[in-house]
Structures are given as C-alpha cells and as structure tokens.
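A.B. asks: Residue strings, one per chain:
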Amino acid sequence: MNYNWNWGIFREPNPEGSGTYLDLLLMGLNWTLATAALAAVIALVFGATIGVIRTLPSRGLVLAGDAWVEFFRNIPLLVQLFLWYFVLPELLPKAAGMWLKTLPNASFWTGAIGVGLFMSSRVAEQVKAGIRSLPRGQAMAGTALGLTTAQTYRYVLLPMAFRIILPPLTSELLNTVKNTSVALTIGLMELTARTRAMQEYSFQVFEAFTAATLIYLVLNASLTFLMRRLERAVAVPGYVTGK
Amino acid sequence: MLQFDFDIILKTLPYLLREGMVFTLTLTALAAFGGLVLGTLLALMRLSTIPGLALFATGYVNLMRSLPLVLVIFWFYFLVPYIGQAILRTERPVEVGAFASALITFTLFEAAYFSEIMRAGIQSVPKGQLSAGYALGLTYRQVMSYVVVPQALRNMLPVILTQTIVLFQDTSLVYVISITDFLGAASKVAQRDGRLIEMYLFAALVYFLISFLASLLVKRLQARTAIIR
Amino acid sequence: MKLLGIAVALLALPGLASAQDLTGTLKKIKETGTITLGHRESSVPFSYIDNNAKVIGYSMDICGKIVEAAKAELKMDKLDVRLLPVTSSTRIPLIANGTIDLECGSTTNNAERQKQVAYTNTHFLTASAFVSKKAKNLKKIEDLKGKTVVSTAGSTNMKQVVEANAAKGLGMTVLPAKDHAAAFLLVELDRADAFIMDDILLAGLVASAKDPGLYQMSDEAFSLPEPYGIMLRKDDAPFKALADRTTAALFKSPEGEALYRKWFMSPIPPNGINLNVPLNAMLRKMLEKPTDSADPAAY
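Residue numbers (this note's numbering), protein chains in the order written: chain A, 1 to 243; chain B, 1001 to 1229; chain C, 2001 to 2299.
If you're looking for bench data, these hints aren't it; they were derived computationally from the structure.
Watch out, some of these pointers could steer you wrong.
[Claimed, not checked] Restraint ranges, calculated between C-beta atoms of paired labels, are given here:
#1 A:A96 / B:Q1123: 49 to 57 Å
#2 A:V218 / C:T2032: 39 to 47 Å
#3 B:A1214 / A:S58: 23 to 31 Å
#4 C:T2032 / B:L1030: 52 to 60 Å
#5 A:L88 / B:L1157: 35 to 43 Å
#6 A:N105 / B:I1087: 40 to 48 Å
#7 B:L1161 / C:D2295: 38 to 46 Å
#8 A:V218 / B:L1030: 32 to 40 Å
#9 A:V218 / B:P1051: 22 to 30 Å
#10 A:L61 / B:S1048: 47 to 55 Å
#11 B:L1030 / C:Q2114: 35 to 43 Å
[Stated by the list, open to error] Straight line, CA to CA, 30 Å or less: simulated DSSO-like cross-link-like pairs of lysine-lysine:
#12 A:K94 / C:K2139
#13 A:K94 / C:K2147
#14 A:K101 / C:K2252
#15 C:K2210 / A:K94
#16 C:K2134 / C:K2210
#17 A:K101 / C:K2140
#18 A:K101 / C:K2145
#19 B:K1011 / A:K94
#20 C:K2159 / A:K101
#21 C:K2168 / A:K101
#22 C:K2054 / C:K2252
#23 C:K2054 / C:K2027
#24 C:K2210 / A:K101
#25 C:K2134 / A:K101
[Stated by the list, open to error] Looking from chain A toward chain B, a few residues come up when the C-beta cut is under 8 Å (computed):
#26 W68
#27 E70
#28 N74
#29 I75
#30 P76
#31 L83
#32 V87
#33 E90
#34 S181
#35 R196
#36 V205
#37 A212
#38 T213
#39 L217
We put the CB at the ideal spot given by N, CA and C, even for glycine.
Required output: the full structure, derived from the provided sequences and hints.
C.D. replies: Take a look at the structure:
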C-alpha cells in the first residue's frame, strides 16, 4: 500500500495553534457533544409535544401534528440544513436576515436546531406509538378519577409511555449524535469536520479516520450504557421493561 | 435580494433530472437491493450457531451503526481502492469510479440497518415452521431460502420500504464528496447562477413529494398485508 | 498538435516496449484503455464548469496534451478519458488511491505535499490574498482582526490562514467551505467577511460573479507567489517523465503562450470576461524554463 503511516501524528502540533492533532479532534468532539445535546433537547421537547398532540381528540391538532412530522421526515437532513442556513435569512426582512447571518457560532445554532427539528419528527412518532400502546383503560381510569386531559397525560399516560419507548429513544439519541456530522456542510467544526481538517493539514487520512471511528465507537457505547442504566432505574416492576 | 426566478427551474430541469435524479434513483435502487441481500446474510450469520460468524456479523453491524454516514462516505471513498487491491491482489489500487464507490459505501452501510430488520423478520417466523422444514428433509439452506426468508421479507416489507425511503434521502450526502446527485446538481446550478433560494426550495419540494408519496404507498401496503394476516 | 505528439513519441522511442515492461500509470492506461482526470468545478480559469456543464480551463487543456502524448507513446488507437470532480480536500487521497491519474486544477506545489504526490512542470504562480465586499473596506490582513473569514477546506490557503490566525493573534473565525464557489457564496451572502484564496482564483470568481463591481481584492498577500502544478502519483518516474516532456515542449513552443493568452488575456466563458493577467517576468520565465520546483524562490 502506497501510503506513509505515521501514528505519531496525534502528538504533533496542529497548525491552528490549539495544541496537538489529538486536541484538534477532541475539540471537534466537544462541538459534537454540545450540538447533539441541544439538538436532543429540542427533539425531545418538540417531539413529545407533537407526539401528544397527535393522540388528542381534536382533528385540527392531529392534522397539524401530522403535517409537522411529514415535513421534517420527508426532506433530507442536508437539504433542511441548507434551507435554514442559506434560504431562511434571505426570506426574512433584511435586518433580521443580517442578524441571523452575523450571529456568533451561526453554524452551531443552525446545526443544533436543524438536527433537533429533524429528529423531533422521529421522536414524535415514537411518543405517539408509546401512548397508543397503552391499554385504553388507563386513559379512562384517569378520566374516572376526575383528572383533566392534561393531568391524565402528565400523571398517567406519559410516565408509562416514556418508559416503554426508552429503548427506541436511545437509538434516536444515538442517531442525533451521528446526524450532527451533517452540519459540517454548513461549517460546523464538529468531530467529522475536524477529522477531515486533520487529514487536509497532515495528509494522514487513515490515522485521522481511524481515530474518529474509535471516538464515535466509545461515544456510542457510553451513551448506550448510560441509557440502559436509566432504563433500569426508571423501570416499573412487573411491567414490560421491568425485569 | 427577493426576486424569485422560477424559470431557472424549468430551464435546468432536464439537467437536474438527467444528471442528478437518475444518479440518485439508481444509487437508491441498487444500494437498497445490495443492502438487503447483504443484510439478510448478516442476519442469518447473527442467528447462526457458529460462534465466529455470529460474532463477526454482530461486530460489523454495531460498528456501522455507530458511525455517522458522512464519515463512512469519506472512509470508503479513500479506502475502497486499497481494499480492492488487497482482495484482488493487484499490484496497484483498484480504480473505483465515483458511482461505484458511492454504491459500495451505501450497500455496506445500509446492510447493517437491513440486517437488523431482517433479523426481526426471521425471528417473527414461528419456530415450528423450521422444524417442519427439517422434518420434511430440507437442508438448512432450503429451509432458509424457501420457508423462512420469503416470509421474513413479506412480514418486513413495509419496514424495508420505509428504510429505503430513508436511504433515498441519505444519498443526498454524497454532496460532501462532490458527486453530482440530484442535490449536487441543484446546488451546482444554485451556485453558478446565484439562484440559491429557488434551487434549494425546489430540491426540498422534490425530495418531499417523492418521500411523502412513497410513504403513503407503504402505509397502504401495510394496511393490506395487515388484513391478509 | 499532431506533430508534437509524434515528436514526443519519437523522443520516447528508445524506451518504448511492450505492455509487460510498462509500470505505474502508463501500464494502467495501456491495460484499461482509460485515463481518469480529476477536475475542479470552480477554479476559474484553470478547471471549471461552463454553462453547458462541460469542464473547461487552462489546466484541462494542458492535461489534454498529456493525454494525447500518453496515447501516442502507448500507440493506442483509442483512449477513454474519464472525468471526476474533486475538491481541495479529496484530490490528494484520490491521486494516491488510484481513483484519478492526473489532477488538472489549481493545486499548489509545495515540499510538504511532495511527500504524498508528484507534480509536473509548474503552469502558473499565484499568491494568497482575500476578496471582500467593497462596502466592508477590508484591505490589509490587519483589517481582518475579529472577522469571520472563509477559505476552501484542504487548500494551502486554509492552512496559511489558521497559522497566521494563531501566530498573529488575529482572533478570526475561520469557516471551511467545500469548494471555491461555496466559499465565495458565503461572502456574497454576508455569512463571511472575506474569502482567503489564491488571487488568480479570486479574480476568476469575481469575474464570474453576478455583480463583479461589488467586490474588491486585498492590497496585501498572505504568501509569496507559489507554483501551481498538475498532480500525479508519486514514485511513477515514466509517467512523470512523459508529463514533464510534454508540458515542457508545450510551454516552450508558441502554443504555450497562445494557450496562456487564451485563458488569461482573452474573454472566457461563462460571462465572456477577460481576466487580463499579462505574462509578467516570473510567468514568462516559467514558460521559458519549465521546472517542477516547489520552491517559490526558484521562480
């Protein structure tokens, strides 16, 4: 193989003056984590809200919720990010558009919100499925106890539904982490982008990619482990996930 | 700034479709097929009693599912020629074109996801059917290819198709290596003619319509298969 | 053109032998009947896409000569030329892994890159500068303090910018862009204040912009003029010798200067704008005494 291996590259200084090449990748990891964290919160808040809305008796609300899910689910994430980053500021009034464009860390905010909204459609699907999977008697019992619809959701349906959908939510969380890499196309210097920068500065393609692969593997394994702990901690004894 | 020029879409439509959409759809179809075949094999390996096979398949699936597609696209674009060299034992890296490289990447990547679907599908076939097959004197291969896999495929068809729609959207990521798929073609026109808004909105609309209509079809199919069962 | 091909073939005659004796890229070309050229999409006027989606440019023309020479040397009746778009970030790995055989673009030849790839004779020299909107009044490197700037990922310019940013404490936010057009777009949309790139490419981008009058070039350069070369695989002496011979013969002949005039001193597609970069002493020397040196001081 016509390639000069150099595993020592990680200890060499990077041209950005921010330490070694390993530091460069770890800085990328930080941005990946920050973006994924914000995106996950957005996905969870919007996903839960839309998911609940789609199980309500109001036809109008259900339709609105469906529209949300279909919109964010049927356009590729990359195209959605382009819409937010390139198209949206041009459609706004000039002053607002300029404000958006000159926002510090615009790629981070756009990336996190874009990935968050994209993932919210998937979370909404899970939440809806979780609520639907509960026996009808539970909602009826809530009503019989004199709870309002909001209280029934808050105290009866959602606590159970979230426990049931925790495993699929875990994989959506992992997807959120992975999807942040798409934001490199709008200039976010997350892990994959830094990996490429390392390749471009040092020409050590395969060392850089190997390191990124290992970091993603460790990240994935740790998140999976934490989520399993969470599943066990909140499990209801004798119920589906309780063992 | 706000002067829409939707003529640009009409003018460039032949280019967008011929250069871009054909690439996107061909890549989607071939990668879905390849990914499904490879994914089924991986699922069978995972469920097999030979420990080495199961371990390999599990490792492969977990590895692929841990990595962002963007990273995998770069990996393979640079690595596949060397893999080819190692497998074919040629004296130089094997030249792999852009399309072939993308096809290999998506096939290998999607296989991990299809294998999870097929594993669930195979496990959904009652054990009794296997025993019945063996009782009839069928070999493992025959039981799998005539009894189990066809049913798994049918049970899982809606999920497989939904995953294919995801794959269709994911192919847009070849943008990162400057291959001209539908989005790549649209973004080239957008940059060349300074028609960003029109082209990106149009691209979004096209992806939306295709994915949305396809998912409606999947839902109808799901309803029909549900009745048969 | 034909004469040149024959001349090259004659020069190569002593070394000419059957396919078994060929090595490297020449062997590959002979065996597969194809050659793959990596090209750029927005390196005006070196390698870019015109309005008919055709790849054109100064570097493409030079590569055309090398392809002809290879075809003649290998005595092939037919040689398929495949084109593959590359970016600043993908071009070096793609040369190394055999996906492309020649990179016909605007690649700076430097000592560091020569550890990975080889270059044929220099076909242009350019310094790193920046372009911005006139309204922003940015002329010197100092003016970029605290600004958001963009450069193309994988370019030497990108590396120079981040190095200068650290060394001079400029506190710039440096955005990477996939290619030159995408980078220029960020300036056009006011997402970035300036685009740092080779001055000739910036001139080409401004010339093909919607409103060229909006932009201005910096007064100060980030680097000395650096050589551009067509890239090929490292450790492939026969192919490099062929490329060197062909380009040297081209540059020294009147055709070399004519080719230069065609792309740098005449109206070029897509907008018919003339870049008007006359042959200065340095460029003239480059044509008269072809060299593949990576050292800017050699020119």
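A.B. asks: Each of the hints needs a verdict: does it hold here or not?
C.D. replies: Evaluated hints:
1. A:A96 / B:Q1123: 49 to 57 Å: Given range 49 to 57 Å: holds, Cβ gap about 53 Å.
2. A:V218 / C:T2032: 39 to 47 Å: For V218 (chain A) and T2032 (chain C) the Cβ distance comes to about 42 Å; the hint holds.
3. B:A1214 / A:S58: 23 to 31 Å: Given a distance of about 29 Å, which is inside 23 to 31 Å, the answer is holds.
4. C:T2032 / B:L1030: 52 to 60 Å: violated, 23 Å
5. A:L88 / B:L1157: 35 to 43 Å: holds, 38 Å
6. A:N105 / B:I1087: 40 to 48 Å: holds, 44 Å
7. B:L1161 / C:D2295: 38 to 46 Å: violated, 59 Å
8. A:V218 / B:L1030: 32 to 40 Å: holds, 33 Å
9. A:V218 / B:P1051: 22 to 30 Å: holds, 25 Å
10. A:L61 / B:S1048: 47 to 55 Å: Given range 47 to 55 Å: holds, Cβ gap about 49 Å.
11. B:L1030 / C:Q2114: 35 to 43 Å: Since the Cβ atoms of L1030 (chain B) and Q2114 (chain C) sit about 39 Å apart, the hinted range of 35 to 43 Å holds.
12. A:K94 / C:K2139: It holds: about 26 Å lies between the C-alpha atoms, which stays within 30 Å.
13. A:K94 / C:K2147: At roughly 21 Å apart (the allowed maximum being 30 Å), K2147 (chain C) and K94 (chain A) satisfy the hint.
14. A:K101 / C:K2252: violated, 50 Å
15. C:K2210 / A:K94: holds, 19 Å
16. C:K2134 / C:K2210: At roughly 15 Å apart (the allowed maximum being 30 Å), K2210 (chain C) and K2134 (chain C) satisfy the hint.
17. A:K101 / C:K2140: Satisfied, since the Cα-Cα distance of roughly 23 Å is no more than 30 Å.
18. A:K101 / C:K2145: holds, 18 Å
19. B:K1011 / A:K94: Within the cut-off at roughly 29 Å; holds.
20. C:K2159 / A:K101: holds, 25 Å
21. C:K2168 / A:K101: holds, 26 Å
22. C:K2054 / C:K2252: Answer holds: K2054 (chain C) to K2252 (chain C) is near 28 Å, not above 30 Å.
23. C:K2054 / C:K2027: This hinted pair holds, its Cα atoms lying about 28 Å apart.
24. C:K2210 / A:K101: holds, 20 Å
25. C:K2134 / A:K101: holds, 18 Å
26. W68: violated, 13 Å
27. E70: With a minimum Cβ separation of about 6 Å from chain B (threshold 8 Å), the hint on E70 (chain A) holds.
28. N74: holds, 4 Å
29. I75: Holds - the Cβ of I75 (chain A) comes within 8 Å of chain B, reaching about 5 Å at its closest.
30. P76: holds, 4 Å
31. L83: Status holds, d = 6 Å.
32. V87: holds, 5 Å
33. E90: Since chain B brings a Cβ to about 5 Å from E90 (chain A), closer than 8 Å, the hint holds.
34. S181: At about 4 Å, which falls below the 8 Å cut-off, the nearest Cβ of chain B leaves the hint on S181 (chain A) intact, so it holds.
35. R196: Holds. Min distance 7 Å.
36. V205: Hint on V205 (chain A): holds, closest Cβ of chain B at ~5 Å, below 8 Å.
37. A212: holds, 6 Å
38. T213: Given a least distance of 6 Å, the restraint on T213 (chain A) holds.
39. L217: holds, 5 Å
Taken one by one, the earlier hints fail for this structure at numbers 4, 7, 14, 26, listed in ascending order.
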